[in-house]
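Taken in order, the sequence shown gives residues 1 to 401; the numbers are from my numbering.
Simulated from the structure, these hints should not be mistaken for laboratory data. Treat each hint with caution, since some may be false.
Unchecked claim - Below, in silico cross-link-like pairs of lysine to aspartate or glutamate (EDC-like), each with a Cα-Cα straight-line distance of 20 Å or less:
1) 44 to 61
2) 14 to 46
3) 35 to 61
4) 47 to 61
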Amino acid sequence: MKILVLNCGSSSIKYQVFIAEETGWSVLAKGVMEKIGLKDSFLKHEKQNGEKVMFEEEISDHKKGIDFILGVLLCKKNGCIKAMEEIEAVGHRVVHGGETFNSSVLITDEVIKKMEECIDLAPLHNPPNLKGIAAISGLLPKVPQVGVFDTAFHQTMPQYAYMYATPYSLYEKYGLRRYGFHGTSHRYVSQRACEILNVDFKTQKIITCHLGNGASIAAIKDGKSIDTSMGFTPIEGLMMGTRCGDLDVGAVTFLMDKENLGIGGISNLLNKTSGMLGISGISSDMRDIEAAMDKGDEKAKLGNTMFCYRIKKYIGAYSAALGGIDILVFTGGIGENADNIRKEVCEGLEYMGIYFDHSKNKGMRGKETDISADNSKVKVLIVPTNEELVIAQDTMMIVNG
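Put together the whole structure using the sequences plus the hints.
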């Protein structure tokens with residue numbers, strides 16, 4: 001079975017083509033189209049053999065973008081299918097499913113209506129996700145489509161964990177509560193960690209750290225998410241590349257008053273100019289921060305320490321919420337590749353039974369690895385995330401009934 005996985009952003013489309021065979025899953029092609037709606041839009045396409053090609057094309061909207069991608073997939077020289085009919089299903093990443101969707105679903109007209117009702121919760125993300133679904137409906141009308149929601153995995157959180165201490169009427173009126181994000185990643189790496197360790201996913205206490213430009217932590221008990229650091233929006237929780245993370249709400253109103261900021265201005269400050277970029281004044285990219293630290297930059301050092309401290313603080317809090325911890329997982333661009341971050345986060349957690357093997361951790365990048373010491377009560381793992389594979393697997397499961 002060949003499945004096209006789409007992740008449609010406001011001006012980009014990421015895609016992968018999977019094939020499910022008896023021997024397992026393989027990626028036939030993948031790529032990203034960027035700057036949709038601009039004159040200098042382009043497509044980066046990678047073939048199964050790793051060869052990369054670039055196409056420059058003026059793409060005005062998502063439908064034309066997906067149409068162009070399908071053309072490349074059909075191309076004899078660079079494609080991976082001989083006929084459009086080979087694509088048997090399409091899986092979509094959808095950012096927000098609200099309280100309506102607690103699992104992946106077959107997309108129908110009724111589901112689309114429910115997704116549209118979630119636009120207020122994710123005004124920047126859900127509209128382009130819906131554009132991708134509409135484009136496939138027009139281009140491949142007979143092909144079934146499946147929606148896989150970032151928020152779905154966290155719908156198992158108990159009410160006392162997801163509610164804010166604001167008037168209950170605001171929850172009833174606007175759905176004001178913690179939803180959490182990166183759910184597909186947290187689900188995949190927690191399950192994969194248990195497979196690596198050969199333990200039952202539904203009996204473990206797991207903390208997963210998805211660390212990238214966007215970052216979140218989840219507490220997973222007996223196969224269910226019971227808490228997560230992101231909230232009503234992806235701004236809450238950890239310090240991130242450009243997002244501030246946890247912040248006193250009083251500081252928000254103070255800044256709006258002192259800096260004469262409206263809604264758009266304060267949103268831009270907290271989402272796009274804060275976090276690692278705001279503290280360091282250098283970059284939101286951890287690689288740039290590391291380079292600056294090597295040169296002795298004090299603000300870069302401060303940003304790095306703040307980042308690690310907040311991760312460590314959440315690990316402690318979630319260990320308490322779980323009643324202990326069996327497995328700690330690092331994933332995401334930073335979690336998978338930054339050995340110094342993993343080291344700094346784990347140091348001082350010996351009281352929790354976390355003992356770290358520095359030789360296993362040093363230089364380890366992007367590979368499934370157990371980096372805990374032999375005497376560690378808690379297993380510490382690096383597990384590269386694979387959200388696209390989860391989307392493909394859910395799509396096949398749902399389409400096949």
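Against the 20 Å threshold, does the CA-CA distance of residue 35 and residue 61 hold or violate the hint? Holds, at about 10 Å.
Would you check the hint for residue 47 and residue 61, treating anything up to 20 Å between C-alpha atoms as holding? Not OK: residue 47 and residue 61 at ~24 Å, beyond 20 Å, violated.
Checking one constraint from the list: CA of residue 14 to CA of residue 46, max 20 Å. Satisfied? holds (12 Å)
Would the pair residue 44 and residue 61 pass a check requiring their Cα atoms to be no farther apart than 20 Å? holds (17 Å)
Of the numbered hints given earlier, the model fails hint 4 alone.
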